[in-house]
Amino acid sequence: MNDGPRLFSILRQGPYLIASVHTALDDSQLVRFQNDLVERIGSDRARGVVIDVAALDVLDSFASRTLRDMAEMARLRGAVTVIVGIQPDVAFAMVQLGMDTGRVVTALDLEEGLAELDRGARDPTAQRP
Amino acid sequence: MVSGEPVESGAGDRGSADVAALIPLVRRIVASRVPDPATADDLVQETLTRVLAAAGRVEPGLLEPYAIVTARNTVASMWRDQDRQRRHQHRVVDLRPPQAPDEDVLAREDRTAVAEALTRLSDRERTTLLAHEVSGQDTRSLAAELGSTAGAVAAQLNRTRARLRVEYLLVSERAEPPTERCRPVLLAISGGDRRRQREVDAARHMLECDLCARLSEPLMGRGRSRDDAVRVAVRTDADVVAARQAAREVATRLGFSATDVTLIATAVSEMTRNIVRFADSGEVVVAELQEPRTGISIVARDAGPGIPDVEQALQDGYSTYRGLGLGLPGARRLMDEFAVVSEIGRGTTVTMTRWRGEA
Ligand SMILES: [Zn+2]
Numbered sequence: 001m002n003d004g005p006r007l008f009s010i011l012r013q014g015p016y017l018i019a020s021v022h023t024a025l026d027d028s029q030l031v032r033f034q035n036d037l038v039e040r041i042g043s044d045r046a047r048g049v050v051i052d053v054a055a056l057d058v059l060d061s062f063a064s065r066t067l068r069d070m071a072e073m074a075r076l077r078g079a080v081t082v083i084v085g086i087q088p089d090v091a092f093a094m095v096q097l098g099m100d101t102g103r104v105v106t107a108l109d110l111e112e113g114l115a116e117l118d119r120g121a122r123d124p125t126a127q128r129p
Numbered sequence: 001m002v003s004g005e006p007v008e009s010g011a012g013d014r015g016s017a018d019v020a021a022l023i024p025l026v027r028r029i030v031a032s033r034v035p036d037p038a039t040a041d042d043l044v045q046e047t048l049t050r051v052l053a054a055a056g057r058v059e060p061g062l063l064e065p066y067a068i069v070t071a072r073n074t075v076a077s078m079w080r081d082q083d084r085q086r087r088h089q090h091r092v093v094d095l096r097p098p099q100a101p102d103e104d105v106l107a108r109e110d111r112t113a114v115a116e117a118l119t120r121l122s123d124r125e126r127t128t129l130l131a132h133e134v135s136g137q138d139t140r141s142l143a144a145e146l147g148s149t150a151g152a153v154a155a156q157l158n159r160t161r162a163r164l165r166v167e168y169l170l171v172s173e174r175a176e177p178p179t180e181r182c183r184p185v186l187l188a189i190s191g192g193d194r195r196r197q198r199e200v201d202a203a204r205h206m207l208e209c210d211l212c213a214r215l216s217e218p219l220m221g222r223g224r225s226r227d228d229a230v231r232v233a234v235r236t237d238a239d240v241v242a243a244r245q246a247a248r249e250v251a252t253r254l255g256f257s258a259t260d261v262t263l264i265a266t267a268v269s270e271m272t273r274n275i276v277r278f279a280d281s282g283e284v285v286v287a288e289l290q291e292p293r294t295g296i297s298i299v300a301r302d303a304g305p306g307i308p309d310v311e312q313a314l315q316d317g318y319s320t321y322r323g324l325g326l327g328l329p330g331a332r333r334l335m336d337e338f339a340v341v342s343e344i345g346r347g348t349t350v351t352m353t354r355w356r357g358e359a
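Heads up: the protein sequence lines correspond to chains V and Y, in order.
Position 77 of the first sequence, counted from 1, bears residue number 77 in UniProt numbering, the numbering being contiguous throughout.
Position 306 of the second sequence, counted from 1, bears residue number 306 in UniProt numbering, the numbering being contiguous throughout.
Don't take every hint at face value.
[As the list claims (entries may be wrong)] Derived contacts from chain V toward chain Y, CB cut-off under 10 Å, selection only: (1) 27; (2) 28; (3) 29; (4) 30; (5) 59; (6) 60; (7) 61; (8) 62.
The set of hints was computed from the structure by calculation and includes no laboratory data.
In this text, a Cβ means the ideal position worked out from N, Cα and C, and glycines have one as well.
This is chain Y alone, in the form it adopts within the complex (with noise of 0.2 Å):
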């Protein structure tokens, strides 16, 4: 049973709304596993932000499967964090050393996931890559020595890396595929290759597959590592400054030009000061994409008394300077990518992405 009516912003990104229809079935893969209400609207609202990340790559078909393995993968990660706890609860005492010895012996074990999933791309693959990615050749004089154009060189390159990273994974997580048709559905998925998604059944496969559902979601994640993402945590009007300053700073590192990163700030700024003004308090997650190409996320997010109608929140004129939703449609026009998910008593979701224009 769901109380509150899901609301979704569509207007222009389908993602969103598809989005927003799957809450009550998320709610109920995690209430049944999560006895605890507030713990389980985390996992809910945390399960639909990365759904929705992922909703722009996935074929219509796969967004409900991929949006059930979320859920499971969201709970499962909970409970071991829990477990890795509570483990560690005694050495919360200890001094740590300046560098913890797992750190190095982790970087050393991706170096070399890295390298044996290089040695599984065809040769002409990997010195292609590797001439660009590592030699900083670019796609055009790669294809006048291929005998090329450099948006077919540029194609094949998004499909080696989509390549190299089921390969990654499989290598690090010490994995055979269990079946002829994982690697293919893998790829689909990395690609992001929604016709190729529908061709191989990726939707059915996933809900078959362990592997595979446990797979896709580092691979729809577009490359998001979060380790790289910045989080403020947002109570007070200082932190609209923190946010937008974050934002400011992970978009300056990834190369935008200094107008992007003024209208990227501005959105933020728009987007947190909601949180301070609407609910007591929420974060502001911000990360960087490198998949289908460079951009910048930012996910808004808050347990506040959510929107009551988000598709008239985000029409101009609509936001009185007090209402509920103010700044929605300014700074949606900031962004490339603007998608809304307000749960009435339960909470709002806003996720931008704005992508680096070609340099």
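Isolated chain V, as found in the complex (with noise of 0.2 Å):
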């Protein structure tokens, strides 16, 4: 199931990575993008990682699970993670749903995403108080 053409790419830039998706994933392709995106968070001892989803057609349960855990995973690597492109169609679909990307942070496209990675993105978890 996990050989075939990779529909993503996880390219460095600087400390961060920025894995983007490149079409529809089904539900196998997701867990490879999520396994190669935290084998590469420890292997470059990347900083931050921005997702950029603008290529999903839909973000059903299943694949706002996988960011959710990605950004989690990530997390406990040491790793912030900012969640773009987020079509505003498949966010009231996602809300419709039920579903949510959690505490991940998210921003409109690939340079907010890295600009907020700048900032040292407010990491929510470290808002606590």
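Hints in hand, dock the two standalone chains.
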């Protein structure tokens, strides 16, 4: 299931990783995306990750959960995650479905995502009193 | 004897509760005609899907007769298909011409039937319908011309379409209704008018009249044309993407807004994943609806283990991520109509509909 072309890319930019989804992913491809990214965070010692999901056609319960898990695993490995590119329609469907990305920071696009990381991306967990 | 308790969803959906109650009856009818249990199961599911699709449009008393005639029709059409296959078996080796000559003839016959059916409408009905459907004149400007209101014109158009469907079927079946009651009954069914269905006692007539029994199904299918349905066989993760993209294409073609298209695709994704997770295989059928207005219907069907407690699975928060019936509450919120029929050990059928908002 996990062979076949990669439908995502993970590029390094300074201390950050930019992970971009290129097309609609099925569940096993999403899991592969998650595994690869978590591995790269470790090997690259990344401090921040921008995940660009603009190309995803839907963020259903599995995709939402996977994104949330990815951010959580990244956090445990010392990296902050910002998710960018959630289309308005997709966001609306997520709300209707009763899903959200949890405590993960979201931003409009890649530039804003990187800016967010530069600002030291308010790690939502750090805001606890 | 029915093994396994039929379970159904209800909450806010009278139809699906009633349909579940019909399972033993349908199973009995099919089993008495079809010896092979696997084939019988398929036909039962198919019958239930059709009955479920019509449930909202018939008065409660009509649901049982409709289930009976639909079960018979479904079995009969299976025999017909098999027979056709047998007769054409020798042709399988033939190289088919790029366009089968049959198709041309069929298209021509169809046009003739529509033309003939149109002549059976009153002048006023025909003029208004053609102005709307062919010339694209909207109901407001029609109302101004006719000294009426847009709502009244829309209602009149619906009645005319219902009549046209009846006449079209009669012409293409080359059938003359055997009794006085037939036309009123067929009209009440075609228009989805529950009060009229009761007044003309459509339930009893359908059991007594072969013609009306046969025509009831295409009339109740909400103008659904089976040829327009897109079927996606579901077995693997990749099929989940294929199913939601098929739904996206149909919804886009039907003029749904981009937001609605995404809502529909998300619901399809949820229900298709259930098939991959919990049943070996199944299928998703995406069909367009034209009656009572434009909509999209999605049927996700599997022959998996069934959901033990549909009511509970429909409650928010129940579904742990591993549970059967996962994602039902979410998907239900995304759609206008949502019904689940599940039988333990036999499978689950989810029928969902979303209507297009008026543009
Ligand atoms: Zn009749």
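Each hint, compared with the structure:
1. 27: Since the shortest Cβ distance to chain Y is 5 Å, the answer is holds.
2. 28: 5 Å, holds
3. 29: Result: holds, 8 Å to nearest chain Y Cβ.
4. 30: 9 Å, holds
5. 59: Because about 8 Å separates residue 59 of chain V from the closest Cβ in chain Y, which is inside the 10 Å limit, the hint holds.
6. 60: 4 Å, holds
7. 61: This hint holds: residue 61 of chain V lies near chain Y, its Cβ roughly 5 Å from the closest one there, short of 10 Å.
8. 62: 6 Å, holds
Comparing the model with each earlier hint shows no violations; every hint is respected.
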